[in-house]
Amino acid sequence: MTPEAMRRALEEVRLAREAELKAQYDRSLPFADGMFDRWERAKRLGFAKGASIYDSACVFGDVTVGAETWIGPWVMLDGSGGGIRIGSTCSLSAGVHVYTHDTVLWALSGGKIKPRQAAVSIGDRVYIGSQSVIARGVRIADMCVIAANSFVRRDLPTRTIAAGVPATPIGHVEGEGESVRLVFNQDVLADESSLL
Amino acid sequence: MTPEAMRRALEEVRLAREAELKAQYDRSLPFADGMFDRWERAKRLGFAKGASIYDSACVFGDVTVGAETWIGPWVMLDGSGGGIRIGSTCSLSAGVHVYTHDTVLWALSGGKIKPRQAAVSIGDRVYIGSQSVIARGVRIADMCVIAANSFVRRDLPTRTIAAGVPATPIGHVEGEGESVRLVFNQDVLADESSLL
Amino acid sequence: MTPEAMRRALEEVRLAREAELKAQYDRSLPFADGMFDRWERAKRLGFAKGASIYDSACVFGDVTVGAETWIGPWVMLDGSGGGIRIGSTCSLSAGVHVYTHDTVLWALSGGKIKPRQAAVSIGDRVYIGSQSVIARGVRIADMCVIAANSFVRRDLPTRTIAAGVPATPIGHVEGEGESVRLVFNQDVLADESSLL
Chain C
1 MTPEAMRRAL EEVRLAREAE LKAQYDRSLP FADGMFDRWE RAKRLGFAKG
51 ASIYDSACVF GDVTVGAETW IGPWVMLDGS GGGIRIGSTC SLSAGVHVYT
101 HDTVLWALSG GKIKPRQAAV SIGDRVYIGS QSVIARGVRI ADMCVIAANS
151 FVRRDLPTRT IAAGVPATPI GHVEGEGESV RLVFNQDVLA DESSLL
Chain W
1 MTPEAMRRAL EEVRLAREAE LKAQYDRSLP FADGMFDRWE RAKRLGFAKG
51 ASIYDSACVF GDVTVGAETW IGPWVMLDGS GGGIRIGSTC SLSAGVHVYT
101 HDTVLWALSG GKIKPRQAAV SIGDRVYIGS QSVIARGVRI ADMCVIAANS
151 FVRRDLPTRT IAAGVPATPI GHVEGEGESV RLVFNQDVLA DESSLL
Chain B
1 MTPEAMRRAL EEVRLAREAE LKAQYDRSLP FADGMFDRWE RAKRLGFAKG
51 ASIYDSACVF GDVTVGAETW IGPWVMLDGS GGGIRIGSTC SLSAGVHVYT
101 HDTVLWALSG GKIKPRQAAV SIGDRVYIGS QSVIARGVRI ADMCVIAANS
151 FVRRDLPTRT IAAGVPATPI GHVEGEGESV RLVFNQDVLA DESSLL
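Residue numbers (my numbering), protein chains in the order written: chain C, 1 to 196; chain W, 1 to 196; chain B, 1 to 196.
Quick caveat, the hints were computed from the structure, so don't treat them as lab data.
Treat the hints with care, as some may be off.
Identical copies look the same in the list; a pair holds intra-copy or inter-copy alike.
When the alpha-carbon atoms are kept at most 20 Å apart in a straight line, the in silico PhoX-like pairs for lysine-lysine are as follows [said to hold, decoys possible]:
#1 K49 to K112
#2 K22 to K43
#3 K112 to K43
#4 K43 to K114
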């Protein structure tokens, strides 16, 4: 197959798939996210029932994911440095990065010091907003909420709402099931509580 | 076609396209962003004349885009929760995310509460810096500027300059056309005005 | 080749490559990042020995990269506005964006003002955390460290640790090679020093 024939074939399958996705789901996806099923990929990765993960996400090393958890496009789950445990019914928004190592001292030492490593755990029913970064070693307990574009470097106890660069607690979660609600700290400015 | 033959064919078309893009535009793109035309995709999506959108961007639901607006790689336009209106001559930098829903209470309730939804509008001549996130329900008026890595949760009136996580106003825009200019608030620190 | 045959062939090569990567490296990559070699791409781009760059990264214009430097997925190196010089043994984490232009005034003027442009330089042994953005014109000297989700708009002298939106200095780097270490400013809050 010549490169030119291949290019035409790719163009045709892209257009055909785009039309299908538009008709069925009213959406237009990047080439590979549209081509490959995200529930099937989650099954092949051993994730629990109902979990899904976009093609454009990366998964390194030992990563477990609970039932119904949604993992968006451009997500990084780098469990190569000690494993990542993620609970059920979590929402890992588009562009969330979770790490179990960093290469700060590797770079500064000109490659002489190995990456630092530590496992990460994320409980059940956790929401992580778009493009937030979770650093190596962090433990996020059940029912936490992290606002978009945050950098989380410290452990978060159950039901914490955290936001910012670096992320700090700005409130907590009360109630269960359909009566669950967000409660913001009194000393939080209006502009901070608006993170959610 | 065997997987091995397919892999060689993909490799060949990738190298051929890479060489073309290098010669014509002095650039090297990801596989699919290089393979598919971004003005053609914008036309198929019904965007106005001269608009363009990279293959690696996602478009969900009802999204309208005005003339000459530039939409970069890894952009998320999730209009599934109420629609997104974007004006003309806007710049949506690489990695910008625009949402019309959030799944915070969906996750916390173990899937019992539906995502919250609200439409988003972005006026004409708006600049949104790289990897900024625009939350559901936000209205950004004409000629606003949003710095990179910001999280916008509140409406922004015409000609506002906003920055940060969460984004707050740090100045305004004066003039028109070739005499347009940025004016920063007096109480803004040097480090904040340097966001632009 | 019909679109349906093409789709099956893509599915098969994706599954075959996924199984190979799982067995050899214990990882699962996005379609194109898994299909194409990142050391070979770095060579074609003229980067120095041992450098690597994921398929999903963009490289525009004049970009030079030193030996052993690691460039992750979804990285933007836009050297179209004046060139980017990156030293050796740097770590440009996933989602880092480096720009040599901005289109703020282009958008505000309705396309009448051309993008502003300025070259960027990044020294040797520099660490840039995930999803940080480096603005046009910035010079980052040797052995600097930039925390995740930062926005860097000012020059950073040798051995600076910087963090935040906008990024500000929060410490410095002492020592060499295996005895290199991070020293945080005394006035830095615990939550800020935890950025690393």
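Now for the hints, and whether the structure bears them out:
1. K49 to K112: Close across copies (17 Å), not inside one copy (43 Å); limit 20 Å.
2. K22 to K43: Between copies, since 14 Å is at most 20 Å while 25 Å is not.
3. K112 to K43: neither (38 Å within a copy, 24 Å between copies)
4. K43 to K114: neither (33 Å within a copy, 25 Å between copies)
Figure legend: structure checked against the earlier numbered hints; hints not met, in rising order: 3, 4.
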